[in-house]
Amino acid sequence: MNWTWFHRLGSPPTFFRFAEKLAPWLAALALLLIGLAGYAGLFLAPPDYQQGDAFRIIYVHVPTAAISLSIYVLMAVAGAVALIWRMKLAEIAVVSAAPIGASFTAVALITGMLWGKPMWGAYWVWDARLTSELVLFFLYIGVIALNSAFNDPRAAARACAWLALVGVVNVPIVKYSVEWWNSLHQGSTLLSVQAIQKPKMSFDMLWPLLMSLAGFYLLFGAALLRRMQNLLLERERRARWVQDWLGEQN
Amino acid sequence: MTKRQSRMLAVAALVLGVGLAAAFGVTAFRKNMMYFQTPSDLVAGKSPVGAKVRLGGLVERGSVSRGEGLLVRFRLADCVKVIAVRYEGILPDLFREGQGIVATGALAADGQFVADEVLAKHDENYISPDLAASLKEQGGKHSCGEFKNTTATVTP
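From first to last, the protein sequence lines stand for chains A and C.
So in our numbering, spot 166 of the first sequence is number 166, and the numbers just go up one at a time.
So in our numbering, spot 52 of the second sequence is number 52, and the numbers just go up one at a time.
Please keep in mind that the hints were generated in silico from the structure rather than gathered at the bench.
Bear in mind the structure is a predicted one, so any value in this text is a computation, not a measurement.
Among the clues, some could well be false.
Said to hold, decoys possible - Simulated coverage check for chain C against chain A, where a stretch passes if three residues somewhere in it have a Cβ under 8 Å from a Cβ of chain A: (1) 3-11; (2) 24-35; (3) 74-82; (4) 104-116.
As the list claims (entries may be wrong) - Coverage of chain A stretches by chain C, computed from C-beta distances (three or more under 8 Å per stretch; other residues unrestricted): (5) 9-21; (6) 78-87; (7) 112-120; (8) 221-230.
All C-beta atoms, glycine included, are put in the ideal place defined by N, C-alpha and C.
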């Protein structure tokens, strides 16, 4: 397998220019998809047979919750690459992903609470799903705090990478909590063995959800690229390529 | 072994070690991680009379009767056992026969479960009202298999 493209992309100046081109497209497509999904979710999708209109918060809750797990996995993979191959860009990815992950987790928790009150009858219960998602939030906060506890940014990033790897054990716990234990939270609508055999959601409710999911993933992509670019500019501010790039901007 | 290989080993050992520890942990505390017990657990005497527990199950069809004021009586079932529940208070909108619920309360001396809080547990199916009507699933289609008991084997 030829890894030349990967090594080339791993060099900060190449990555920076690549991100500079890609990020605006991701952001524009993300806003378009989220906007369309928001309209479709609020006006085109029918109400649910049991939950009525209250179910519509699913178009924010499910994408943000799914992405909160994906970001942690990505952070752990980048952490492993950073620790094993000492790749600078992977270190930057770990540190940049944490605040975005924390934000998505917070949105998932808050929308979940707003959904829980009218449907379950409680904002919060300490069942396995809610508790493990809260632990995920604290793990993100831990990575952010750990990063700012070091003077040397590379040592900080490696410490964060270790924490990301330790914490990744929580991801399958969040995902399967609703299958392994009794919980107030219901099982998975989209990703489960039964859901593949027989869909658990009418198609006219499903497509805005998939659209919203794609939109939020793209939004994460755009946010991650932008944060990584910022961090690269700061870390490499004395490098020749940064000076060149800043010169081009004026 | 090169330095890179030893770092690779360290990362793999950490992930495996933590994963294994977590697996042992969650298996050992399986019962404690259950948010609620089921009628089977309670009937099997897993909880002493008067002890505060959460009980989860399906509201048995045809079992709901309203008493004076806000008093409600119903029976709660998993796939195996049934238990009588009485509750005085406001019920969540989703409470209905056939619905999954979680009640917090204690077993009384007469064998009934006296609840002081009832939460509705909705399922993961989302269906439009038209489709639900054509499928005749107006009341929902909760399955008792969702309620995992730690005593009897469940045969849904």
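### Message
Taking beta carbons only, do three or more residues of the region 221-230 of chain A come closer than 8 Å to chain C?
### Response
violated (count 0)
### Query
How about the region 112-120 of chain A: do at least three of its residues have a C-beta closer than 8 Å to a C-beta of chain C?
holds (count 3)
### Task
Take the region 24-35 of chain C, compare each residue's beta carbon with every beta carbon of chain A, and decide whether three or more fall closer than 8 Å.
holds (count 5)
#### Entry: chain C covers the region 9-21 of chain A, three or more CB atoms within 8 Å, holds or violated
violated (count 0)
### Task
With a C-beta cutoff of 8 Å, work out whether three or more residues of the region 104-116 of chain C approach chain A closely enough for the coverage to hold.
This one is violated; 0 residues, fewer than the three required, reach chain A with a Cβ under 8 Å.
### Given coverage of the region 3-11 of chain C by chain A, tested with a Cβ cutoff of 8 Å and a minimum of 3 residues
Contact hint for the region 3-11 of chain C vs chain A: holds, 5 residues under 8 Å.
### Query
If you look at each residue in the region 78-87 of chain A, do at least three have a Cβ nearer than 8 Å to any Cβ of chain C?
Since three or more residues must qualify, the claim that chain C covers the region 78-87 of chain A holds, with 4 doing so at under 8 Å.
#### Entry: Assertion that chain A covers the region 74-82 of chain C - criterion: three or more residues, beta-carbon distance below 8 Å
violated (count 0)
Of the numbered hints listed earlier, those contradicted by the structure are 3, 4, 5 and 8.
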